[in-house]
Each structure stands twice: as structure tokens, then as C-alpha cells.
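Enquirer: So the chains spell out like this:
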Amino acid sequence: MAKKLVYIYPGFERFWHWMQAILIFFLAFTGFEIHGSVEFFGFREAVRYHNIAAYMFLGLIIFAIFWHLTTGQWKQYIPTFENIKGQLNYYLFDIFKNAPHPTKKTVISKLNPLQKIVYFGLKILVIPMSVTSGLLYMFYRYPSKYGVEAINIQSLEFIAVFHTIAAFLLISFIMMHLYLITTGETITSNLQAMLTGYEELDVADEEKTETNQVQLKVEANK
Amino acid sequence: MKKIFLIIALFGLVTLLAIGFLSQKDYEPDNQMKLKEKYSKKGKKAVDHSQFSVLQQDFNNPKQVTQACVSCHNMTAHQVMNSNHWNWEREEYVEGRGIVYLGKKNALNNFCIGSHGNEQSCAKCHVGLGYDENGKLFADSSNIDCMVCHDNTGTYVKATEKAGEPVSTLNFNEIAFSSGKPTRSNCGVCHFYGGGGNNVKHGDLEEAMFEPTKEIDVHMGTDGVNMQCVACHKTEQHNIAGKLYSLSSMNRNRAYCEDCHTSTPHADDILNEHNLKVACQTCHIPTYAKANSTKMYWDWSTAGKLKNGEPYHEEDSLGNHTYLSIKGSFEWDRNVKPDYVWFNGTASHYLKGDIINDTTKPLILNKLHGSYADDESKIYPTKIHVAKQPYDPINKMLIQPKLFSEKKGEGAFWKDFDWYKAAEVGMKESGLPFSGKISFLETEMYWPVNHMVSSKENALSCNECHTRSENGRLSKLTDFYLPGRDYNAAVDTGAIIMLILSFLGIVTHSIVRFLSKRKNKGEVNNG
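Chains as they are written, first to last, in the working numbering: chain A, 114 to 335; chain B, 1078 to 1604.
This is chain B alone, in the form it adopts within the complex (with noise of 0.2 Å):
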């Protein structure tokens, strides 16, 4: 009977280590074998364009050349016309402000502040030709400018300063030929140089990205699957799915990883839960700005200093701008590890004209929505874009300052460096009021990290956020319970006094205990 007992438990055992040890092999995920398959495959055009008789003419300037897509495309101007790219803006129900219009027209930044009084410069980055400050632009269909996303030469570059327009040496019929899907290079040639160069803005979109290899993104690598942006950016009549919280405030129209990958992607059931309270991202890109710097602080207010009247600049060893008179003084980071937020993709925005009500800490522009007891929320990785910026203390308002014109005189500060005069002309222009006072605010913009990812191998490991060290990656992040990381202090410090006093109870008694059978033993001897 006892034997049987015996076996019968240690077989119930074996049973239950085998269990334990198989059910966790580390293996690929079939979904992932088939996505690796179905991306590494590059199909051939469908169509040549450089075979059309439309094309055959010869182009002298852009618009030419839009009027030949339109003649066989000619049904997607309205879809050019209402997307984000056309309009610079999005219909947003935002809680207290009701249905907003969120756009570079009323939201302001802390890089090059906002677009309103400069558009012949922002338009550079404007799928438009010809910008004009009246909204004309807006409503004409001829203005559309096709090539800047479906030149495959990667040659098309459009001018500074010239309203939209593109350098005049372009070959456009080479250009029309190669017409197809927007590149890396069609898509990067604006996002990555937000800000005014290259990675200011996001800190994980810049020119590496043109080529990257697997080790800066495992998707896009050119060693790897070579993946396109419009690959995870899918698109339909020409409305991309996936936008950026520094100007959108609903949670629409997103690009996940659980998209293709599934929320279930890891064979291990504990990383799976993670999903729940945790971004892929999080884990997957453990830094930014892998290959260039990105900028991480802007301070205005020291803008305007001039050598001998001339504005100059200053670099660091890496080439990147530490001073320049026309925008102040910038601090720069590579390899950077995120900050880490909850957020569950709703954003509030600083709007123009926005009353700020406490200026005495930062103002952070765009706010992402989440914490720990939201359902919907889940820690994301960001980068935090600090800045001083002009404001007026007595109106309680950012300054929108006229930066951008063609001379001086005008008020332009990039032309006659002069504050006063920028703010009163860029504050006129925007219709808001301007007490003649000028001030410097700090404040806050966050970037959510969703590109740069690493390999499997080069993910975060539990105990970067799974640990008391304060350098954990989660150290901030202190509203909820972090196993590894918490614990409670009263219940710690009273076990630990508990299990000292029974030590020593246990040692006083161990050697009275001990000294006494002496005693007793000495007694029985000498009795």
C-alpha cells in the first residue's frame, strides 16, 4: 500500500516537471514564418507608365505633369483633397473643445513654434504646389502634386522656401516614367526632416531610414525584409492609416504591431500578457535615435545673438547645431532610451490662443491620455521634446512670432532678430491679441516611439523594469504594483524584524540550552 503511494506520487511528479519544462520551448511562431514570407516577397509593377502615350510629352513644370495623371487617375483628386496631407488638418471631437479642426493651422510646437505667417517656408513639406497663405490652394485640384509621393527615382525634391514648388533642374518625364507605390525615400523626405533637419522632430524617423540596416529596424533593413513604410501604413484612397499624436487627439485610423503580428506573438504566455498593460513597442525598441542625433532641447530665448551683425552657428563634434542666431541654443542625444508612459491613444492639444493657466511649471503641448487604472491604456515609449519658447505673461498665451520672410523690415526674427517685433507682427497676423511683453516658457512635447525596432534578440530583458535599481526603465511609472520592482515597506522591514528576533531567540536558547546540559552533566559527574 505505501509503496503504491510512493509511486504513484513520484510519477505524479515526473508527469508534472515534464509539463512543466516542455510547455516552455522557445520556438518561432507560425504567424511570424508567415509574415517573414509574405514581405520577403517583392512584386513587379502591374503597370509601366513610362509606356503611356499621355506621358510621351515633354514636361516644363510640375503642374503638367498632374494634369497627366488626372487624365487617366480621374478619380482621385477628392481623395488627395480630403486627406491629412492635403489639408494639414483633422476633423477631432475633443473632450470640452467639442468638434476641433486640428491642424499645423491652430496647434503650436515647440520646434519651429507654428506654420502660421511662415507657409512659404513650411510648404516644403506640403503635397501641394504653390501654397498660398489665402487657402486658395485648398480648393484647387490642379495644385495637387503627385510626384513628391509617387516619384520612384527618388529624385523628386521640392525647393525651400518656394511655397511648395520643386527644384527646377528635375527631370519630370524620367520622373512620370517611374511613377508607382510611395518609398521610403517618397515618405522620408518630409518626416524624416521635421523640424528643420534631419531627426529634430521624432527621434526614430531620419535619413538612416532612406537604407537602414536590420540592426537600426528589423523591418525596413535592407538586409533584412526591406519593408516600405506603406507596408504597416496601409492605404486606402489615399487616407494612410497610422498618425502621430503630436497633432491628432482620437484614437482612429491607427497603424498597430498587433496588426500583423497578432496580440498573441510570443510563444510564451507570460510575454503574451504583457499586451494587456504593455505596447509592443515598450520592449521592442529598447532606443531611438540609433544612427543620428535627435534634438532634445531648444532654448529660444537665447536666439538673436549676432557676430559683427551677422547671425552665425556653433556645432558639436558630431556636426549637429548647438547654437544658431535665427533659432537659439539645442542640446542633442543618440541612442536614447524612451521615456515611458501610460497612454491610450488620446491626446489633448495646446491650441493657439490658449489660455495657460499655471506658468510656473512646464506646459506640455500635446498631453497623452492614460494611466494605470484606464482600461484602454498601455505604456508606450516617448520621446520628450523640452523647449523654451517666447510668451506673453500678461495675456497668458504662447506666442505664435513671425518667423519666415523673403527681407528684412518685415518683422520676419529670422531676418531682423528682433522679438518684439516678431511677436507683435506674428501675434497680428494670427488675430490674437499682444500685450508688447515678452517671456520665456518651458515646455513639453511628446513624441510616442514606433519605428527603430530591434531584433527579438536585442528586446528589453524582464529585469530592465523588473528591478529595484532606480535606473529601471519603470522607475517612473510609480501608480501601479511592478513585481521585482515594489513590495511593501511595512510588511519587509516587520518580516525582517520578525526573522532577526527569532534568530536571535534562537541562538540565546541554543546556548543556555547548551551551557545547562554542562552544568547538569558536571552535576551527574560529581554526584
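Okay, chain A solo, but in the shape it has when bound (with noise of 0.2 Å):
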């Protein structure tokens, strides 16, 4: 197996993540401060610019959505329990023993079975609690007269909470991403991986990158 500087994320990819990046740390800010943790804005302006980042988020999202269907690269995220095992030994035991990575990244295959599932996770679960609820606390109002009563939600307090849970699960997956980021061939590998979308893969050879190509069409068509 060769070693080759292969172009595994693309413009579009590195710019939502690092757009990302920015508006999650913002609204975390912005959004504790609302929350009563720091002060730093003013209560009046830490709501208005957390408002300002949401919108900017769910514009985010979208484009994001577009991108991922168009270009198939939501296949990467389909959940799977194979090898998850061999992963989670690596990081509990594994990595104290320099032993390689259990899981090969390729292009079409750049996350292992751990990542995959808690990727899934946030998209699935996390973001959309935090959009839902969010939206909610936007445009919630008590009393919604003349409104529909069966949507007159009579305290902001399910919304608040639920907002805030998926900010600190968010704020919990940042720490541990940081972290394992750290994790690759060298500390910064990973890293600058993101930042210029290169990164020295092992090249399997041609007969495993097919194999991997007949796996992701017969998930896809599950």
C-alpha cells in the first residue's frame, strides 16, 4: 500500500464545515448569554445577533442539504454497525499501542463506523431538536389569539429546556471532536486535511475501491 496525497474534501465541503464551525461557537455564545451563563453582549444584543446567526445556520443547512443530495456524499453518513467494535478497541486500547487505524478512509468511504453513527446523530437528532425547538422560541407566542388552539403552547419553558439540551450535546460533540481530531496520522494531519482538503491516504489498490463502490450502491438501494 502507497502513500498519496489524495483531494478528499471539496470547496463546497470545507466551507460548510468551517461556516459551521464559526455559527455553532456564535450561537453557543451568544445563545448562554441568553441563557444567563456569561455576559458579554447585553442581554438585547446577544438575542439579536443569536437570532442573525440562526438565520445564517438554517441558510446553511439548506445549501448544505442540497449539496449532500446532489453530489450522493449523504451516503457517507448511512449508519453501520460493522467494524464499530474494531474502532471503539482502537481508541479505548489500540491507539496506546501505535497500532494502525482499524478503518482504511478513502473518498468515497472518509469516515469510520463511529463517526458515521454519531454524525448521524446530529444530523437526525441534535440539529434538528436545536432548529425545531429554536424556531419555536422564535416565533412562539402566548396567547395565540385567533390562532389555532391546538398549537397554543402555553409555556415556553418544553421549548427552552430542549433548546438547551441540544445546545450542550452539541457543545459535548465539540469537545470530543477537538479531541479526536488529534487522533490521526500526526496531531494536525486531520486538520489540515479541512483546511486545504488534501490528505496522504493509503492507496488500496483498484479491486477494494470496488468492492467499497458495490457496498455503498447496495446500501443506497436498501
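FYI, nobody ran anything at the bench for these hints, they're computed from the structure. Even for Gly, the Cβ is constructed at its ideal location relative to N, Cα and C. Just so you know, not all the hints are guaranteed correct.
Straight-line alpha carbon distances no greater than 25 Å define the calculated PhoX-like cross-link-like pairs of lysine-lysine that follow [unchecked claim]:
no., chain 1, residue 1, chain 2, residue 2
1, B, 1492, B, 1239
2, B, 1594, A, 198
3, A, 188, B, 1080
Some but not every residue of chain A turned toward chain B, in silico, with C-beta under 10 Å [stated by the list, open to error]:
no., residue
4, 123
5, 129
6, 132
7, 171
8, 268
9, 269
10, 282
11, 285
12, 288
Simulated restraints, written as ranges between beta carbons of each label pair [said to hold, decoys possible]:
no., chain 1, residue 1, chain 2, residue 2, range
13, B, 1094, A, 291, 21 to 29 Å
14, B, 1587, A, 220, 24 to 32 Å
15, B, 1345, A, 202, 50 to 58 Å
16, A, 152, B, 1122, 53 to 61 Å
17, A, 168, B, 1577, 26 to 34 Å
18, A, 168, B, 1546, 24 to 32 Å
19, A, 300, B, 1580, 17 to 25 Å
20, A, 202, B, 1584, 17 to 25 Å
21, A, 158, B, 1584, 28 to 36 Å
22, B, 1410, A, 152, 47 to 55 Å
23, A, 151, B, 1094, 18 to 26 Å
24, A, 175, B, 1170, 51 to 59 Å
25, A, 168, B, 1451, 29 to 37 Å
26, A, 158, B, 1463, 35 to 43 Å
Please dock the two separately framed chains into a single complex, following the hints provided.
Expert: Right under this line is the structure:
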């Protein structure tokens, strides 16, 4: 197996990733000011900035969904239990023995099984939870006079608590994420890849790549 | 292809940024400009009363003036006689009581307690002349006092303890010539002195409002738009809009800020949304009693002490009475932050003769109804006046004492200083039982604060309420979730523990990784 510099993260994906990172940090900071945990901008400005950033985040999500669907990249996130034990074993034990990564990173399969599950969870649970509760937070009216009685939410508490839980989950994800990106070939190799788009990968022989493609197609058809 | 995506994404984000920032511009809403223009114009009078021949006679007493008024305004007497200012009561439907005629005759307050038996003195603030305890006055239109409201010279004053008669030295001709719409001084001469002195009752209505600065009240400021009371308290056929909840139960005939300012006066949508649950007054009246002190506490139980057999008084450094033999001890305060309550516009009142069910906690004399869960309720600022006042512990009712009398020996407390006699006579005159036992009960009255509106620059800022601080303005209103103040303790604690554990995990993992890497390297080197 030879090492080769591969263009693994295309321009939009990198832009999406970093924009998302900036927005999530900003949303978290202003959000926790609204929550009463920190004081920086002042409550009114914090609310204003949080709302603007929220709209930007929504815009970004729409572009990202479009990109994932049109390029087929969404298939990267289909969760799999295959080799998940190996991956866990690696992070818990093998990593200390200087063992190689158990999952091969290729252009068509960038994520290890743990990443797949976690990112899938983010996309399908945490982000939607955050966005839905956030939109309700913004557009919730009580009493919603002359509105639909059935959606007359009586208390903000439910909405606010869910929004807070989503925020805490995202923060704990980011903590883990920031640490785990240092577990690449070198401490900064993953970071460099997300910045430049290029990463040095073990290039497998033609056969294996084909197998992967077939596997992806099979999963997509399920 | 990738480039196109990148360009589209960037373009989209720039657009969103632009929309976000441009939609938050601070500008003065059109409506407010129109209002300023409208109320800055001071119209001239349409009629000069000094030219009317009927007013050219020499007036010796106020009844002659009233007669002259009525000779032209010949259909207005019944309007006045239908008004609250005349009847001192309103027809109200009260849940659990039915139709009640609620007014000074049957309600008790925690200032001078009640008017019954004290009419001679209380009638100083009645729009009639010669108040008659037997109620004859109420049927006789010649007793209407036109001048107390329509004098525009600012000189008309009623005499103390003369049943509503004016002081005898007035120039009635000059006053009659000046007749016009009521000004702040007409309203203020009674409403600024309720409770027996300047700013005793309301806290937001006092003599500084005769000629206030904008600092004190942004609407009435003489250095600003200089509005009169009747600009907001719009009056039709002598029925004046806007009433006070110390003495009214139903939500009707009110004056609202929204009448002029609309319910969406701000350029900022988030501020406008607050109007669903927060009254304008809450943010726009940060403090009341801005100029002179207002009475916050009145303890009747210490009344009656004498020095050398004579009543006396004590004052604080600002000249406020802290003790009066006739009334007891007081506490005053200035620049007071209001207490905030949910209020839906309806109230219930303790009426004379009502049985007090629970004497272990303060009795609320006018309970303002409302809660977060009630669609009609909003948060309002109030002044809470606390008092200790006499009650009968056996019959469990507040005592209406006889306070005022011209001479000693009639049982009036202000002459004889004897609680027992004052209670006995007062309750007898009210037709109520008295057990012979007197105790003192703590009572509370809620006075919604509506005046002394500050300029928008001085309105409350968000974090006065949206704060975890115990000094937050709404720290006592806990029946709802307030962002910035409230959080779910279990969620926050759980989350922080989770984050700490994650952090510790990361630190441990990285240390072991670092050490094992060195060890592995060492092994490689050794090997």
C-alpha cells in the first residue's frame, strides 16, 4: 500500500464545515448569554445576534442538504455497525499501542463507523432538535389569540429546555470532536486536511475500491 | 461546479447577513411623530366666557355660579349627576357578589380607612357643594360644583372640613370668566392629595405634576408636549375614561397607552411581542414618586399618643410626617421601584362588613386578578401600600372608626383619641356589629402605577428582568419561564457533569496516549 496525497474534502464541504463551526461557536456563546450563564454583549444584543446567526445557520443547512443530495455525499453518513467494535477498541486500547487505524479512509468512505453513527445522530436528532426548538422559540406566541388553539403552547419552558439540551449535546460533541481530530496520522493531519482538502491516504489497490463502491450501492438501494 | 456552489453559498450568506442587520434599524415610528405633532398644537378656546352677559353679575356664592352655568349648559346636569365624581360609586358586577354599587360608601382602604361618618371632611374632594350625610345632595342639581373642574385660573380651592364648600375669599367672577376644559391643576387639586396629603396614595400622582418636567413625566412635561390629564382621560358627557382599581372591579371604560400608541409602537418586533404579556407601563415607568416621597406604610396601632395631653407630630429629614397622634406612624419612600403583578383588569374588593376568613396573613383590600395562564393578563407595575388598621377579632371584620368631628366628646378619634369609642360610634353609624374588642391587622392595597412615564431612553433595559439576579425586577413573578432568569436545574447540572466528565476523559486519554507514544518510541529505539 502506497501513501498518496488525495483530494478528499471538496471546496463546498470545507466551506460548510468551517462556516458551521464558526456559527455554532457564535450561537453557543450568544445562546449561553441568553441562558444567563455568561455576560458579554448584553441581553438585547445577544438575542439580536443569536437570531441573525440562527438565520445564517438555517441558510447554511439548506445549502448543505442540497449539496449532500445532489452529490450523493449523504451516503457517507449511513450508519453501520460493521467494525464498530474494532473502532471502539482502537480508541480505548490499540491507540496506546501505536496500532494502525482499523478503518481505511478513502474518498468514497471518509468516515469511520463511530463517526458515521455520531454524525448521523447529529444530523437526524441534535441539529433538528436545536432548529425546531429554536424556530418555536422565535415564533412562539402566547397567547396566540385567534390562532389555532391546538398549537397554543402554554409555556416557553418546554421549548427552552429542549433548546438548552440540544446546545449542551452540541458542546459535548465539539469537545470530543476537537480532541479526536488529533488522533490522525499526526496531531494536525486531520485539521490540515479539512483546511486544504488534501490528505495523505493509504491508497488501496483497484480491487478494494471497487468493493467499496459496490457496498455503497447496495446500501443505497436498501 | 464546486466553484459555483461556493459562490452561491457565499452570496446566500451575504444576503442573509444583510437582511439580518438591515432589519434591525432603530428609527422613530411614524405614529409617534404624528402624535407629537397632534399634541404639540395648543388650540385656542372657542368660547370666551367673560363676554357672556349672564356672567356679568356679582357672584357671592358658588351656587349662583352653577345656576348661571346651567342657564346655558341646560342639558349637562344629568351627565354630572350620572358620573362617578358625583355619585362616589359605580355599578359593578362582581363574581360571587352580583351587582354591587362600589364606591367610597362601602369600600374600605388602608389610608383614612373609610368615608362613613367623616363626610364633612372627605367632601373636600367631591364635585358637589354642601355634602349632606343623608344623601339629599345627590338628588339636587343645584349642588353641582362646576368650578372645581372648569376653573382655568388655577385659584379654586375647596375649604377643609366644610362639606365641599370652596374657601370664602375666591373671586367667583374671575373664575367663571376663565371657564374651560379641566387642566392638570383642576384634577390635581384632589387627585394629588388623596389619603390626606401630597402623594400619600398613588405614588405616581402628586403636586410635582402640576408643572412637571419631562424627566418626571414625558407626556405632561412643561418642557415637552405639556399634555393635560384629559388628553388621555378622554371625556364624553362628563364620563371620564380611565379608572382606578382601588375602587373598581370590572374591566371597562379604561384609558390605555395603546389607544394612542397602538399595540405595536416599537420598530423592534421583539419589543412589540412583549405587549402580549407585559403592559407598556412595566418598562416605561421604571420608578414612581420621582419628585416627592409617597407613603408606603401606615401603622394605625401607634396612633393616639399625646404629649402633655396634646397631639403632636414628628418629621423625617425631607419633611414627611413619620408620626401623627391622630393617624399613627408612617414610612415614606422616593424613586421607588414598583412591585410587579399579573393583572387582567378585574379586581375584587374588601367591602365594609365582609368577614375576614384568615387573620394570620395580611388582608388584601383590593385583589388584582391575573396570572400567566390567563390570556387577558399582563404584567403591571404597582405600588403596594401596607398598613396596620383596626379590626374586630371577635366579629372578624375591619373597623370603620369615627375619625372626624367638629367637637370633642362625640367619639371621633381625631378629637378624643379613644379607639374604643371611635370604633363603637363608627360601627354603629355604619350599621355593623362591634364586639368591644379591637386588634390591629396588616392590610395591603395595590395601586397600579400609570403616570410618571419616562422617556424611551430611560425605559427598562432587557436585563433588568432577563437576569438570574435576585434583584431582577420580576424575580417574584415565578409562575412562568423567563429566558435569562429561569433554567431547568436538573438539565443544567446534568449537562455540566457530562461536560466535566468528557473533559476529564479527554485529559486522561491524551496523557496515556502521550506516555504510551514515548514508551513505544523508546521501545522502537531500543529495538
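Enquirer: None of the hints should be skipped; say for each whether it holds.
Expert: Okay, the hints, checked on the actual structure:
| no. | hint | in the structure |
| --- | --- | --- |
| 1 | B/1492 <-> B/1239 | holds (17 Å) |
| 2 | B/1594 <-> A/198 | holds (23 Å) |
| 3 | A/188 <-> B/1080 | holds (22 Å) |
| 4 | 123 | holds (5 Å) |
| 5 | 129 | holds (7 Å) |
| 6 | 132 | holds (7 Å) |
| 7 | 171 | holds (8 Å) |
| 8 | 268 | holds (6 Å) |
| 9 | 269 | holds (5 Å) |
| 10 | 282 | holds (8 Å) |
| 11 | 285 | holds (5 Å) |
| 12 | 288 | holds (5 Å) |
| 13 | B/1094 <-> A/291: 21 to 29 Å | holds (27 Å) |
| 14 | B/1587 <-> A/220: 24 to 32 Å | holds (29 Å) |
| 15 | B/1345 <-> A/202: 50 to 58 Å | holds (55 Å) |
| 16 | A/152 <-> B/1122: 53 to 61 Å | holds (56 Å) |
| 17 | A/168 <-> B/1577: 26 to 34 Å | holds (33 Å) |
| 18 | A/168 <-> B/1546: 24 to 32 Å | holds (30 Å) |
| 19 | A/300 <-> B/1580: 17 to 25 Å | holds (18 Å) |
| 20 | A/202 <-> B/1584: 17 to 25 Å | holds (21 Å) |
| 21 | A/158 <-> B/1584: 28 to 36 Å | holds (35 Å) |
| 22 | B/1410 <-> A/152: 47 to 55 Å | violated (30 Å) |
| 23 | A/151 <-> B/1094: 18 to 26 Å | holds (24 Å) |
| 24 | A/175 <-> B/1170: 51 to 59 Å | holds (55 Å) |
| 25 | A/168 <-> B/1451: 29 to 37 Å | holds (33 Å) |
| 26 | A/158 <-> B/1463: 35 to 43 Å | holds (39 Å) |
When each numbered hint is compared with the structure, a violation occurs for hint 22 only.
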